[in-house]
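Chemist: Each chain, written out:
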Amino acid sequence: MKPKIDKDPFEYHIVPGSNWELIWWAATDELRLERYTNSLNLNFLRERLLFLKLFLYLVPVVTVTCFLLWILGIGFIALTDLPAITPASIWETRFLEQWQELANFETKFGYLFTTSVGDLVFGLVFGLVVGLFFGLVGGLVVGLVGGLGVGLGVGLFFGLVFGLVDGLGFGLVVGLFFGLVGGLVGGLGGGLFFGLVFGLVDGLGVGLGVGLGVGLGVGLVGGLGGGLGGGVVWLYYYFKNLPPKLDDNVYLVFGRIDVSLLAEKRLIQQSRENPDLAARFVRFLFENRPRNHNLAALLSHVVAGRRWEAAALEMEEKALEFPDFEINGFTIPDSWQKQLERLKKTLIAAEQQTQISLKKEQFEDFVQELKKMHDYVSVAQSLTFRDRLSATRRIDWHIYYREAIAEWVRIARQQLQEITAEAERTEPIAANIYKTGDSLTDLDERVFIDRLDLKNELSQVLYTTKGFSVLFLRGQRRVGKTSLVKFLPLLLGKRFTVIYLDLQGNITSVPDFLRKLRTAFNKALALKEEEVWELPEHWSEALQVLLHYFAQHAAAENVRYILAIDEYEELHPHLAKNSEQGAAFLGTFRHFSQHQTAISFMWIGLKFFSELKNPNWNEYFVNAIPITVGYLNRAESFKLIGVAPLDYEAGLPEKIFELTQGHPALIQKICYGIVNIANEGGKRHITWSDVEQSLDKMIYITNNGVCDVFHSQTCENEVDLDVVWSVIKKQPIPQEHRQRLRRLIEYGFIVEEAENYRLQVPIFETWWKKFA
Amino acid sequence: MRPHIELEILDFSACLRPAFAKTFLNELLIRRNSLNLTGDTGQGKSRLLEDVKRMETSLGMPVVLLNLKDFRLDYEGFLRSMAMQLRLPSPYFQRFEDLLDALHAALHDNCMILINSLEVLNEYNSNDRRYDAHFVSSLNNLKNQSHIHLACASRIWLKKVVFQNETSILDLYQLEIRDLHDKEIEAEIRRYCPALTAMHRAALRQSVRDCAQTAQRLDFLLRKALAHYDPKKFSTQLNTWITAYEAENR
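Top line first, the protein sequences correspond to chains A and B. 1 is the number of the first residue of the first sequence in our numbering; add one for each residue after it. 773 is the number of the first residue of the second sequence in our numbering; add one for each residue after it.
The set of hints was computed from the structure by calculation and includes no laboratory data. Careful: at least some of the hints might be erroneous.
Unchecked claim - Beta-carbon label-pair distances, calculated as ranges: (1) A/318 - B/856: 46 to 56 Å; (2) B/963 - A/531: 46 to 56 Å; (3) B/963 - A/446: 34 to 44 Å; (4) B/859 - A/426: 32 to 42 Å; (5) A/21 - B/1005: 33 to 43 Å; (6) B/842 - A/628: 38 to 48 Å.
Since this is a predicted model, take the numbers as computed values, not measurements. Glycine included, every Cβ here is placed at the ideal spot set by N, Cα and C.
Taking the hints into account, I'd like the entire structure generated from these sequences.
Modeler: This is how it looks when you write it as structure tokens:
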């Protein structure tokens, strides 16, 4: 068995496979017949001979068709006994008298048959002769088309009209003729033939036209019933079961057809779904259907829009082409073409650019050009009166480009987002080494600002103090205490070893603290213990053992050890669980401090010793040397701001300093935002607007990690919040709140000015007003 | 000095959001910011963390991925899973602090800890009681270690964890997950359902984009397509699957 080969639906051969096909072309596709005839290049005589040959094929077709229709017509009159059921006034008296004498269907049918058969023959012959005449005079195309039409029409007309005119009134006969022909042909045939071919308009048109033409009884009933019935049957069949498809529709068969009103919506939809198939259909229409160029143009735009849309994902600018034709109502304006060229050039330039910040800039231009293009295609079409009447030309085809460009804009924006992120990531302007929250480590050397004053203070204390020293490194949260401690080894040099222990979230009990302290010590001195340290039950005793252990190992080295305990306040709740033992524990520290010199303890935290009660820390660390970690001074702030190689507008570093008062975490955050902006925008020059942008993104947000910590942690109760509000609003502070005010002043959040108070950092005040 | 991790040579091709994954790792490893990845449910936070976890070998460091939802009633399970992923000598801990000790003792090289669904801490009263302020403190402790890279994911920026009587602050840099791009959706479809035609890929893409829960919806539809794709009935199938998804996620 041969495999089935799918026929190309758009194949348009002009050499018929048989004479019958040629006759079919005559009925359906005049242009193809004409092309075939032209391709034969026949002389006058040969063309007529060919016509005669084909005409002989036509004669039996026309004869049999006419005869069958005529039989059906007279059969209908006889069967329904039409003269008896219609008003007598419309019939000839003589005919009615004879008709009433006829007893049954056979006699009535025989009567009608014998009285009209002669006329049918005459009509047929006349019609065929007329067709023959057209063919001989006009040539093959005119002859075949005319032969079919005239032969059928004239044959039937004479057969029925003149065959019955003797017995019936003329009006009725004409009515009957059109009723029958219209009803039968337009109804049955129209349902099957005209309906299939011409669709609703033609189906109804034939039915209604014929029916209305009759204007009388049966004619009206036959015409309307047949036409409407046929049309409805066809419509149901056509739309439910055989919707017009791009590769299977009436345009592919019939040359003089226009079902735009009905089929366009579906054809447009299918063109959107399958633009490649639609493009082939469009080409077919342009080449072979001169009467359907409007439809072809419309679908061309659908196809182009769809292809643009599909090309958006990969930004294929080559797909951005308008269809090239000049058809009324469908021609692309020059302004669109010019904008499209500009658009493509911008895209190519952006894609070829390798420098990321320039690439971003050019891509932004491209997005702007896309928006302009969108504006162009968003201009409403100007429709003439004729355009509005046309089913095809009144459709807004600009929308297909609008949708496509909207898709391009969308994808381009996504692409721009990627480029921006890449620019920020690859840091074409400056590496973003600022930290946004985490403490600095040895990897952040560049943004650790040497605090000479602190360094000197620490050095002086540590080098000059002979006895055991307890240092208390205190400062606000996020001010850089931990960072400072992590850089102590660098600051202090090789004579000091810093052993760091962060208590934040790290201890579960006092013994746990001691165990961790020992582990940190061992780690720093690279000591390995074979057995797990078994702690004495009593805390103080355990501490004694531990401190003895430290002293024992520390003495061997010519180095001073600093045990730096960060977030020391976390130890207090554990000590407070047994304040008696806690007090003894702290007492052991005090005692130890008076008897050895190799080890110093550095407590690091926010709270003053005096704030920690039961046990009372301040009782045991009276001799502790307080060192306050404050904000950066002006020079240090400028140094931190200047770490990134950016070109700040004159006065900007000063403004940043004024806003932050040298708060290191705030400066780090602001500068982090600024470097991101610089990298994203590919610019080194920083203006006040960039700083504002950074402030909005990094600082003036609910939780910036600095101001919110002050609000929710440092301000421990309602009184603290009231005090801050009073300071901001310049309201008097009640006497009973003075103690809390004093605490915030000591912490360094509030400063006294003459008789007034203010928040030290202006950013805190702005944040407080916005979010507190 | 910055750590030497060449992001450009890593293979991000299996990631749902390759460029964003790069940004995520850039913030975490190069800029060394502890992160709070934020985004609505179904946007693809979990997928991003899973993608990073899959890159563990090429990153050359242990990557721990934990979902707090899975462990909200099982604090020790959380610690056990973390310890096992970190390949600590013993996985049994009763307190986070103990695990931190073991971690500091055993691990000196870089490691990455990714904790998903952090909002669980704020949202359930029935959580294991040990998810408390100490737990948040321990997370803070983790993030302050220079060799530990911590990233948490939650629907909103979770700077405050409010427990019964106290508020704990977790200072993480917010990185908001961005919308899924069309190219990424397309690549994901090609990766998981290469059989889909271009037209069907476009239809699937359109049905996903601009929707809430883009990544979750995409994942659902791709699983359906993988199991039931019929090129002749795809448009009907797609509508059915979308209806099913919406019914499931209403």
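Chemist: Could you run down the list of hints and mark each one as holding or not?
Modeler: How the hints compare with the structure:
1. A/318 - B/856: 46 to 56 Å: holds, 54 Å
2. B/963 - A/531: 46 to 56 Å: holds, 55 Å
3. B/963 - A/446: 34 to 44 Å: holds, 41 Å
4. B/859 - A/426: 32 to 42 Å: For residue 859 of chain B and residue 426 of chain A the Cβ distance comes to about 34 Å; the hint holds.
5. A/21 - B/1005: 33 to 43 Å: holds, 37 Å
6. B/842 - A/628: 38 to 48 Å: The hinted range 38 to 48 Å holds for residue 842 of chain B and residue 628 of chain A, with Cβ atoms some 45 Å apart.
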